[in-house]
Amino acid sequence: LIDERSYRIDALAERLGARLHGDGGVVVTGLAPLADATPLDLSLFVDPRYRRELETTRAGALLVREPVPGLDIPQLQAPDPVLALVTLVDLFHPPSAPAAGVHRLAQVSGSAHLAEDVSVGPFVFVGERVRIGRGTVLHPGVYLGDDVTVGEDGVIWTNAVIREGCRLGDRVLIHPGAVLGADGFGFARREGRFLKIRHVGIVVIEDDVEIGANATIDRGTLGTTTVRRGVKIDNLVHIAHNVEVGEDSAMAAQVGISGSTLVGRRVLMGGQVGMVDHLTIGDDAVLVAQSGVIGNVPPGAMLSGYPARPHREVLKTTAALRGLEKIKKRLRELELELEALKRTRGEP
Amino acid sequence: LIDERSYRIDALAERLGARLHGDGGVVVTGLAPLADATPLDLSLFVDPRYRRELETTRAGALLVREPVPGLDIPQLQAPDPVLALVTLVDLFHPPSAPAAGVHRLAQVSGSAHLAEDVSVGPFVFVGERVRIGRGTVLHPGVYLGDDVTVGEDGVIWTNAVIREGCRLGDRVLIHPGAVLGADGFGFARREGRFLKIRHVGIVVIEDDVEIGANATIDRGTLGTTTVRRGVKIDNLVHIAHNVEVGEDSAMAAQVGISGSTLVGRRVLMGGQVGMVDHLTIGDDAVLVAQSGVIGNVPPGAMLSGYPARPHREVLKTTAALRGLEKIKKRLRELELELEALKRTRGEP
Amino acid sequence: LIDERSYRIDALAERLGARLHGDGGVVVTGLAPLADATPLDLSLFVDPRYRRELETTRAGALLVREPVPGLDIPQLQAPDPVLALVTLVDLFHPPSAPAAGVHRLAQVSGSAHLAEDVSVGPFVFVGERVRIGRGTVLHPGVYLGDDVTVGEDGVIWTNAVIREGCRLGDRVLIHPGAVLGADGFGFARREGRFLKIRHVGIVVIEDDVEIGANATIDRGTLGTTTVRRGVKIDNLVHIAHNVEVGEDSAMAAQVGISGSTLVGRRVLMGGQVGMVDHLTIGDDAVLVAQSGVIGNVPPGAMLSGYPARPHREVLKTTAALRGLEKIKKRLRELELELEALKRTRGEP
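Protein chains in written order, with the working numbering: chain Z, 1 to 348; chain U, 1 to 348; chain G, 1 to 348.
All the given hints hold, so there is nothing to weed out.
Any copy will do: because identical chains look the same in the list, a pair fits if it lies in one copy or spans two.
Here are the simulated lysine to any residue pairs, SDA-like style, with alpha carbons at most 20 Å apart:
1. Lys316 x Met302
2. Lys329 x Thr318
3. Lys196 x Arg171
4. Lys196 x Ser96
5. Lys196 x Val46
6. Lys326 x Leu338
7. Lys196 x Asp80
8. Lys196 x Asp170
9. Lys196 x Asp277
10. Lys196 x Thr87
11. Lys196 x Glu164
12. Lys316 x Val286
13. Lys196 x Val137
14. Lys196 x Gly186
15. Lys328 x Arg312
16. Lys196 x Val155
17. Lys328 x Thr318
18. Lys316 x Lys326
19. Lys326 x Leu315
20. Lys326 x Arg309
21. Lys196 x Arg228
22. Lys196 x Leu173
23. Lys329 x Ala319
For the record, the hints were derived by calculation from the structure and aren't laboratory data.
No experiment lies behind these values; they were computed from the predicted model shown.
When you get a sec, could you build the whole thing from the sequences and use the hints?
Structure representation (structure tokens):
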């Protein structure tokens, strides 16, 4: 190691347990994509879609799964290059956090209990009886309502809002502008008008959950809206009241989960998926982007389209649809031929 | 009544005008869903989908529409249990609000006029000539631009933004992060580039409207974007410039209404519905979740799919689509048989 | 000109280079849509959809492309009335901005460099080494992370969040609540669990870009997410990590662009369009509202539906779908007739 952010690649190979192909004395000072890399950058090649960029990249070194023959660039071969990348990001961009302590322009209630090293930025509001665990950072403008609890090593980004009573586990990461615990969209309709049902439940976020920018998770009507351990939620996702999302599930941007739906474990949803309320989505189901789900989904199923059907079937009918014009033509021909046949036989 | 949040159920029966079945001396201290209830909780059973949870619930008492026979739990029978629930929520969770007054870390213009008991939290910005009616609460981080007016008993949640000139009626409830009065998305395109049309209209929100977290309602170009009395708007909904939404309509999460569209009264939209601009949606229309509406909608119609068509028809063609493969097979068989027929007759 | 906001229409005609039809002595004091205009308002008539409103409008004068015969209202005929409107908006509603200077309730790092006339509102956070160009306005509650740069004459609205390292060009307009530079949604999945890849790239916004309220643009994994000159992005749009959007493209509300997609120049997307990752969308392509794009799009193509296909084809198959029931009926009739034919010939 030459200095804090400058590494010889033989040293990196050792650090990563990677196999070095080429000159180990090359020094790199940063990470960059193939197209942007300079000779001082280490770059990553694992996705064959980027093969053409290999020909023109100026990267000083490459991280690869299998060595690329005929390349004049030193290569670090790692069995799991993406895992290796996670380590490299920490080496080149050590995580940093604001200093511990409460900023003079924050408003923290006297009854709140913050662990010693919590960082509270300016314009943060911390309500009554809030409890915050060790190592947690509240960036500027965060709002924690009364009785909120946040576990250890959490990061809550700027202008995120956690309303009263909600509970967050350890290592929870909330991106800017996310709103947890707003009222669910539940009304009684009487004589054509809506009567508000005040929502007095809460939101529970378990450990290791990540919630995207401007996402919204509504509080339960009486009970809880629950997001279980390890779930990853992208930007602008909406999760309605009384939903439960099972462990290790993931939802891409702009997904909408309607009220009281039960999402299983390891469920994957593409962007803009939507679903009606009170459904059960089985473990390991895959909902392709933009699916509109209107019924329960068995474990392991892969659905797409509206109304969502097995993805394979959707692709087939889409292809068949293209043949619909031809079907009509063949049908017309058959009708004419049959007509002719009947006429030659003297039938009416 | 034993204490403030502890009620004998015979007392609750009297309060609700409900009929008591079972032991009136049972005491409950909270409300909870069937699955989570303890013997100290009153629970609700009105949705038959939850019948199985009746078998295992530990609830101390039940609120029901019709008494469930064979249950060993006291039941309160109310003709409209959801209405009864609204009352119960107020009994067990009395609504609370921050104290009246302006927080020292708020910024309120000297020319603003706030009724005496208005509550202004920290980090709130109130612009010039703003007027706010009695009983209204501005939670931390709210922004009211110059010349905004807010009626009585409003609740504007954390980090909501109401830009200059917008007007809100009485009992308006705005959830966190909602943005009212940003510029509409209107440009002139000249030689392939966009020329901005500054938007100088406003947003008008009438009485009893509720607007969801991170929803956006753009200001009119010259005139107004109007949301009429009693409309309920869920999270992440987008309403474009110059739209008018009629009384008592409701939109579920992530709906998008394009510019200058006129939505009638009591229109219901499921989640993620979208529509092109300049449409008229008739009174009492129902747009099923994810519908993509590209033409005017007659009053009372129920549409779904893209392009949106009558929902019944969509379900039928979806079923028919599944038969498309079979249609092709039958067609091929017909062609072969006809061929055979012609051959046996010695035709060419 | 009578006073600052009161104009004789002959003076306006001169100012706009428009041709006056009717009484030039009429005075107007504002702009309004046809339906709302009073005799003191100038209104615009260019869209034939509003012809019926001409009959009842009370407008004092009209801006038109072609003079409307038989109208008793003075008309200003401009070859490009929308361009003329842009000028008129500035005349009747001169743009205003908060005073220059840093509000006492803002938090600006000592190492930040702000041009002299920058305006920094209350509750604004400006991080270390931030640079802000002349004439830029930061409205209340804006957050600029460390090392952010903002060019000249920018307007960043309330509660927008620009995270560390992001770079904005000149004349960039960011609407309230938009989030630039949150982590991309990139994870490695190992044994069913997600391992976070920290995102250390940035977002680059070029000159003359406008970004809608509560929109989100994620930072690159290692490199940049880039929005090129003149792009217009509506509310609640999501742009994922490593995307590049070409010059003069526009996206209506709630569009979602998945990771590493390359959007060409002058591409137009309707509301709620979505697309899978790693696509290339050709220059001048048009994606109709709600399209779900799952493959590369050639330049100039117009697509709709899911999976997105040429719009013309989608409309045709939608029409054909309606005939599907009829096709089945005709097929059944053919089968019966053929059966009858065979029977009369004594065949099996």
